[in-house]
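So the sequences go chain by chain: A and B.
Quick note: the first sequence uses this note's numbering, first residue 1, plus one each step.
Quick note: the second sequence uses this note's numbering, first residue 1, plus one each step.
Please note that the accuracy of each hint is not assured.
[Said to hold, decoys possible] Cβ-to-Cβ under 7 Å is the rule here; a few derived chain B residues that face chain A:
(1) Val-3
(2) Ser-43
(3) Ala-101
(4) Gln-102
[What the hints assert, rightly or not] What the simulated footprint calls covered on chain B by chain A, stretch by stretch (three residues with Cβ under 8 Å from a Cβ of chain A suffice, anywhere in the stretch; the number is not a length):
(5) 44-54
(6) 105-111
[Unchecked claim] Heads up, simulated DSS-like pairs for lysine-lysine below, C-alpha to C-alpha not over 30 Å straight-line:
(7) Lys-66/B with Lys-55/B
(8) Lys-99/B with Lys-55/B
(9) Lys-20/B with Lys-51/A
(10) Lys-66/B with Lys-70/A
(11) Lys-20/B with Lys-66/B
(12) Lys-99/B with Lys-64/B
(13) Lys-64/B with Lys-20/B
(14) Lys-64/B with Lys-41/B
(15) Lys-70/A with Lys-20/B
It should be emphasised that the hints constitute simulated quantities derived from the structure, not laboratory data.
Since this is a predicted model, take the numbers as computed values, not measurements.
Note that CB positions come from ideal geometry on N, CA and C, so glycine has one too.
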Amino acid sequence: GQQLNQSPQSMFIQEGEDVSMNCTSSSIFNTWLWYKQEPGEGPVLLIALYKAGELTSNGRLTAQFGITRKDSFLNISASIPSDVGIYFCAGPNNAGNNRKLIWGLGTSLAVNP
Amino acid sequence: GAVVSQHPSRVICKSGTSVKIECRSLDFQATTMFWYRQFPKQSLMLMATSNEGSKATYEQGVEKDKFLINHASLTLSTLTVTSAHPEDSSFYICSAREKAAQYFGPGTRLLVL
């Protein structure tokens, strides 16, 4: 079945540094989604990518949908303490009508002020 | 836009009682909603897909008689944990699908004593 491999598993950085994380898959996805989850909260959608090669920004966040449709990266520039959380990549299952999401295992980000 | 609410945010109940959790899409209609469960430091685990006006589709290993799902309108899905036991204690999160993305509720923390 479809799987997403997300890396790195965790990151510990200094405030102001840039961050990069990525997801890869052995199968094609038609949509890539990046979420952030803070403790005790539901995931919040950061960026949605719908087209191969698409590069989209949301403030200090930038994400790209790989041209092969098998990978995506998320960059955070000039990190701040409130960027702390777990970042997940996800993509809708291509099979079936319900389009349930396939999830990466998450990247836990810690920012040292 | 694309706001999903969830109620209650946390609930404590005695073993053997039933607990109902509501999930509402506030500013859009959702024919499909999803119910997830999340254990500490783990990714979200899909329990079931809730379809408006029809029966829910449960993931393998999830007991449909234990986790009752009702999706009676385009903006409301409910999950009832019947005869709850301590092992049902977890963080339950719903999401609603709009186009290819899913928008999540803030989650419900369930503690069964």
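Against the structure, the hints:
Evaluation of the Val-3/B hint against chain A yields a violated restraint, the C-beta minimum of about 11 Å exceeding 7 Å. With a cut of 7 Å, the hint placing Ser-43/B at the interface with chain A holds, because the nearest CB-to-CB distance is about 5 Å. Annotation: Ala-101/B was flagged as interfacial toward chain A, and the flag holds, the nearest CB pair being 5 Å apart, inside 7 Å. At its closest, the beta carbon of Gln-102/B sits 6 Å from a beta carbon of chain A; the interface hint therefore holds under the 7 Å criterion.
For the stretch 44-54 of chain B, the proposed coverage by chain A is satisfied: 4 residues have a C-beta within less than 8 Å of a C-beta in that chain, meeting the threshold of three. For the stretch 105-111 of chain B, the stated coverage by chain A holds: 4 residues have a C-beta nearer than 8 Å to a C-beta of that chain, and at least 3 were required. Distance hint between Lys-66/B and Lys-55/B is fulfilled; the C-alpha atoms sit about 15 Å from each other, no more than 30 Å. Among the hinted pairs, Lys-99/B with Lys-55/B is consistent with the structure: their alpha-carbon atoms are about 21 Å apart, no more than 30 Å.
Between Lys-20/B and Lys-51/A, the direct Cα distance comes to roughly 39 Å. Violation of the 30 Å bound is thereby established for this hinted pair. Taken as a hint, the Lys-66/B and Lys-70/A pair is broken in the structure, with Cα atoms around 37 Å apart against an allowance of 30 Å. A threshold of 30 Å between alpha carbons decides the hint, and for Lys-20/B with Lys-66/B the separation of about 12 Å falls inside it, so the pair holds. Between the alpha carbons of Lys-99/B and Lys-64/B the distance comes to roughly 27 Å, so the proposed pair stays at or under 30 Å and holds.
The straight-line distance between the Cα atoms of Lys-64/B and Lys-20/B is roughly 14 Å, inside the 30 Å bound, and the hint therefore holds. Our distance criterion of 30 Å between C-alpha atoms is met by Lys-64/B and Lys-41/B, whose separation comes to about 26 Å. Between Lys-70/A and Lys-20/B the CA atoms are separated by roughly 39 Å; this puts the pair beyond 30 Å, and the hint is violated.
Going down the numbered hints, you'll see the structure goes against 1, 9, 10, 15, while the others check out.
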